[in-house]
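> Using the hints, position chain B against chain A.
Protein chains: 2
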Amino acid sequence: MAGGDGYKRPFFLGIDLGGTNVKAGVVDDTGRPLSSVSLPTEADRGPEHGVHRICQTAREAVLKAELTLSDLHSVGVGSPGPMDLAEQIIINPHNLPGWINLPLAAKVSENLGLRAVLQNDANAAAYGEYWAGAGRGCHTLVQFTLGTGIGTGIILGGQIWEGRHSHGAEAGHIRIDISPTARLNGTGLYGSLEAYASATAVVARTQEALNAGEPSSLKSSLESGQRLTARLIFEAGFAGDLLASRIVEETAFYLAVGAVNLMHTIDPDIVVYSGGMIAAGGPFLERIKHYVRENALPIPAAKTEIVFAKLGTDAGFIGAAGCARLKFAAA
Amino acid sequence: MAGGDGYKRPFFLGIDLGGTNVKAGVVDDTGRPLSSVSLPTEADRGPEHGVHRICQTAREAVLKAELTLSDLHSVGVGSPGPMDLAEQIIINPHNLPGWINLPLAAKVSENLGLRAVLQNDANAAAYGEYWAGAGRGCHTLVQFTLGTGIGTGIILGGQIWEGRHSHGAEAGHIRIDISPTARLNGTGLYGSLEAYASATAVVARTQEALNAGEPSSLKSSLESGQRLTARLIFEAGFAGDLLASRIVEETAFYLAVGAVNLMHTIDPDIVVYSGGMIAAGGPFLERIKHYVRENALPIPAAKTEIVFAKLGTDAGFIGAAGCARLKFAAA
Chain A
298 MAGGDGYKRP FFLGIDLGGT NVKAGVVDDT GRPLSSVSLP TEADRGPEHG
348 VHRICQTARE AVLKAELTLS DLHSVGVGSP GPMDLAEQII INPHNLPGWI
398 NLPLAAKVSE NLGLRAVLQN DANAAAYGEY WAGAGRGCHT LVQFTLGTGI
448 GTGIILGGQI WEGRHSHGAE AGHIRIDISP TARLNGTGLY GSLEAYASAT
498 AVVARTQEAL NAGEPSSLKS SLESGQRLTA RLIFEAGFAG DLLASRIVEE
548 TAFYLAVGAV NLMHTIDPDI VVYSGGMIAA GGPFLERIKH YVRENALPIP
598 AAKTEIVFAK LGTDAGFIGA AGCARLKFAA A
Chain B
298 MAGGDGYKRP FFLGIDLGGT NVKAGVVDDT GRPLSSVSLP TEADRGPEHG
348 VHRICQTARE AVLKAELTLS DLHSVGVGSP GPMDLAEQII INPHNLPGWI
398 NLPLAAKVSE NLGLRAVLQN DANAAAYGEY WAGAGRGCHT LVQFTLGTGI
448 GTGIILGGQI WEGRHSHGAE AGHIRIDISP TARLNGTGLY GSLEAYASAT
498 AVVARTQEAL NAGEPSSLKS SLESGQRLTA RLIFEAGFAG DLLASRIVEE
548 TAFYLAVGAV NLMHTIDPDI VVYSGGMIAA GGPFLERIKH YVRENALPIP
598 AAKTEIVFAK LGTDAGFIGA AGCARLKFAA A
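Those protein sequences? They're chains A and B, same order as listed. The numbering of the first sequence is the numbering used here, which starts it at 298 and goes up by one. The numbering of the second sequence is the numbering used here, which starts it at 298 and goes up by one.
It is possible that some hints are incorrect.
Once the Cα atoms are required to be at most 25 Å apart in a straight line, the calculated SDA-like pairs of lysine to any residue come out as [to be verified]: (1) B/K600 - A/P379; (2) B/K586 - A/P580; (3) A/K586 - B/K600; (4) A/K600 - B/H391; (5) A/K600 - B/P379; (6) B/K586 - A/K586; (7) A/K586 - B/S476; (8) B/K624 - B/S406; (9) B/K600 - A/K361; (10) A/K361 - A/E384; (11) B/K361 - B/P379; (12) B/K586 - A/T478; (13) A/K600 - A/R590; (14) B/K600 - B/E546; (15) B/K600 - A/G485; (16) B/K586 - A/R480; (17) A/K600 - B/N389; (18) A/K624 - B/L453; (19) B/K624 - A/Q456; (20) B/K624 - B/P400; (21) A/K624 - B/D566; (22) A/K624 - A/G455; (23) A/K600 - B/Y487; (24) A/K305 - A/Q456; (25) B/K600 - A/T478; (26) B/K586 - A/P379; (27) B/K600 - A/R590; (28) B/K600 - A/L453; (29) B/K586 - A/K361; (30) B/K586 - A/A506; (31) A/K600 - B/L453; (32) A/K600 - B/D381; (33) B/K600 - A/E384; (34) B/K607 - B/A506; (35) B/K516 - B/E546; (36) A/K586 - B/A479; (37) B/K600 - B/K624; (38) A/K600 - B/Q385; (39) B/K586 - A/E459.
Everything labelled a hint here was simulated from the structure, so no lab data went into it.
Pulled out of the complex, with its shape left as it was, chain A reads as follows:
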């Protein structure tokens, strides 16, 4: 492309801030990306350096799209929480240590000379899929992003549901296990969806079974130096390893319970799963759907679409750009 030919103006900048990397991209008015750039966040060097890295990544993305900042309408930033969306500050994200009460939208706006809006990263990713991915054309969408934790986003009729204390769509923390032996997650809560079905939890549950002496082909994989990851476990499961298949099956069940609980609350058109774990593909999705049908009331069980995301790791910056469009460019 030369300066955005063939794309629909106005153009928006989207930034997906993570603890490890920051990804920025230029997106057109239909959610189509013109460019993207990813750089290490270097979060441990503190918030001032972090803001500099974020804006450097954004400038490189603009350059890569053969544009200048004056061609951009506005910028959206997706960040890990907790945050105060009314105040547009991040409070103290676990994986951005020392970034405390940072007015990130204002800082980015000042640096880039563009209007800027801050949004929760999982909300932004959900908005990306709603606007330009798996949820295109739907009305109401719920998304689960499966990674170290489980992020969720809720889009109601085109609007991001933020909640009254910026804690809407924190459904990775809904409690699905009331037993006294419920698992613990990183936030210190017991029995949460995230403690069972995040990639971290898949690895932990498998490791516990291996430690308990359950036989598995994973043992020889680990002895040959491979690291125990959700991907390795899913591959072993679909290759017929008994322990790994059981873990995969249980994970599908837990994820279905998460979907059902939001279906019985939000009742969306569509439930989207995203994140590395969806690389497991169609057979895994079918197992999730099986358990959704088993656990949901008949009408939502029959009518709700259950799908995997389409935008991969681009959903974050595309959705963040969409948030800028929603806030600053909506008619």
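This is chain B only, laid out in the frame that chain A set:
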């Protein structure tokens, strides 16, 4: 009152349809009731007779308010589900046997000569508390109505969240127990909130403990001819009976998990509990709040109000009248 003196016009009719009784009332523009009448539904005599009973109850309420139907602006009907709100029909409510695919709003409208709107009963009750009860002045409210089952209602910025298939706010059916021994509820779903914390479930859990031979003062109450009810169990619990106290404590925990799961999804200003069980009063509410604080993320745990409803059994018809106002009279 004589013909509504001292009340703010316009006036609305509200109808709360249940399997046993139908309650109707006239409500003013601020949610204040002028009159109410309750009659047996006689649901087993079929839908045609049922519509007649509903409208008879409504006419008596109008008469009692010293008004005529021409003084009424419009009418709202709260009914058990499942229903199709887009089509304004009830599908096949469990406790209205044979009332299948009934266009209830149209039937009531025709009979009374007023514009009519149909709403889910738990949604209507939640709207009643939002408009004129425990939630007055708030923005976003979640309500749990504890009875035979658990009905829920979600009010987002003054609008009732119905969901895309009229199954929003069916949070009595969220799954909170993923164990293989999870309890079953009336709809055939395992591990639902309703299977643990409805009045029916409180009685069932207590009966099972008694059957298992746990000692309790409830035994002599039953031998003296009293019926095992949630009320009897709560009274015994607060009087120090060990078995009953444990049941009360566990119920507070389950209800807190329900609240937390909606706080991590909707993130409302306020969570309201209504229904017979709240007669247990302040000490019970304190136990629920204790478990909410233990299970919620810090910000919603600190900021969300957890309260008991204020309108008692009037919430249904007041809320139904509010639905008519929302649909037909909002500026």
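> If a hint holds in the structure, say so; if it doesn't, say that too.
Taking the hints in turn, this is what the structure says about them:
1. Proposed proximity of B/K600 and A/P379 is supported: the alpha carbons are some 14 Å apart, at most 25 Å.
2. Simply put, B/K586 and A/P580 have alpha-carbon atoms about 42 Å apart, too far for the 25 Å limit, and the pair is violated.
3. Distance hint between A/K586 and B/K600 is unfulfilled; the C-alpha atoms sit about 36 Å from each other, more than 25 Å.
4. Proposed proximity of A/K600 and B/H391 is supported: the alpha carbons are some 21 Å apart, at most 25 Å.
5. With a C-alpha separation of about 14 Å, the suggested pairing of A/K600 with B/P379 holds against the 25 Å cut-off.
6. The suggested pairing of B/K586 with A/K586 is violated, with an alpha-carbon distance near 35 Å, which exceeds 25 Å.
7. Between A/K586 and B/S476 the alpha-carbon distance is near 19 Å, which keeps this suggested pair within the 25 Å criterion.
8. Taking the CA atoms of B/K624 and B/S406, the gap is about 14 Å. The hint holds against a cut of 25 Å.
9. Among the hinted pairs, B/K600 with A/K361 is inconsistent with the structure: their alpha-carbon atoms are about 45 Å apart, more than 25 Å.
10. For the given pair, A/K361 sits about 32 Å from A/E384 by alpha-carbon distance, which is inconsistent with the 25 Å threshold.
11. Note on B/K361 and B/P379: the hinted pairing is violated, with a Cα-Cα distance of about 32 Å set against a maximum of 25 Å.
12. Under the criterion of a C-alpha separation no larger than 25 Å, the hint pairing B/K586 with A/T478 is consistent with the structure, at around 22 Å.
13. Distance restraint check for A/K600 and A/R590: the Cα-Cα separation of roughly 10 Å lies within the 25 Å cut-off, and the hinted pair is therefore satisfied.
14. Of the supplied pair hints, the one linking B/K600 and B/E546 holds, its CA atoms being roughly 23 Å apart against a limit of 25 Å.
15. A hinted pair counts as satisfied when its Cα atoms are at most 25 Å apart, and B/K600 with A/G485 qualifies at roughly 19 Å.
16. For the given pair, B/K586 sits about 22 Å from A/R480 by alpha-carbon distance, which is consistent with the 25 Å threshold.
17. Proposed proximity of A/K600 and B/N389 is supported: the alpha carbons are some 18 Å apart, at most 25 Å.
18. Taking the CA atoms of A/K624 and B/L453, the gap is about 20 Å. The hint holds against a cut of 25 Å.
19. The suggested pairing of B/K624 with A/Q456 holds, with an alpha-carbon distance near 22 Å, which does not exceed 25 Å.
20. With a CA separation close to 17 Å, the supplied pair B/K624 and B/P400 stays within the 25 Å bound.
21. For the hint linking A/K624 to B/D566, the alpha-carbon distance of about 23 Å falls within 25 Å, and the restraint holds.
22. Between the alpha carbons of A/K624 and A/G455 the distance comes to roughly 12 Å, so the proposed pair stays at or under 25 Å and holds.
23. Our distance criterion of 25 Å between C-alpha atoms is met by A/K600 and B/Y487, whose separation comes to about 20 Å.
24. Distance hint between A/K305 and A/Q456 is fulfilled; the C-alpha atoms sit about 22 Å from each other, no more than 25 Å.
25. Between B/K600 and A/T478 the CA atoms are separated by roughly 28 Å; this puts the pair beyond 25 Å, and the hint is violated.
26. Straight-line distance between C-alpha atoms of B/K586 and A/P379 comes to about 22 Å, which keeps the hinted pair within the 25 Å bound.
27. For the hint linking B/K600 to A/R590, the alpha-carbon distance of about 35 Å lies beyond 25 Å, and the restraint is violated.
28. For a cut-off of 25 Å, the pair hint linking B/K600 to A/L453 stands: about 23 Å separates their Cα positions.
29. For the hint linking B/K586 to A/K361, the alpha-carbon distance of about 53 Å lies beyond 25 Å, and the restraint is violated.
30. For the given pair, B/K586 sits about 36 Å from A/A506 by alpha-carbon distance, which is inconsistent with the 25 Å threshold.
31. Proximity of A/K600 to B/L453 is assessed by CA-CA distance (about 23 Å); at most 25 Å being required, the pair is judged to hold.
32. A distance of roughly 13 Å separates the Cα atoms of A/K600 and B/D381; the hinted pair therefore holds under the 25 Å criterion.
33. Between B/K600 and A/E384 the alpha-carbon distance is near 16 Å, which keeps this suggested pair within the 25 Å criterion.
34. Among the hinted pairs, B/K607 with B/A506 is inconsistent with the structure: their alpha-carbon atoms are about 33 Å apart, more than 25 Å.
35. Simply put, B/K516 and B/E546 have alpha-carbon atoms about 20 Å apart, close enough for the 25 Å limit, and the pair holds.
36. Proximity of A/K586 to B/A479 is assessed by CA-CA distance (about 20 Å); at most 25 Å being required, the pair is judged to hold.
37. A distance of roughly 31 Å separates the Cα atoms of B/K600 and B/K624; the hinted pair therefore is violated under the 25 Å criterion.
38. Of the supplied pair hints, the one linking A/K600 and B/Q385 holds, its CA atoms being roughly 18 Å apart against a limit of 25 Å.
39. Between B/K586 and A/E459 the alpha-carbon distance is near 23 Å, which keeps this suggested pair within the 25 Å criterion.
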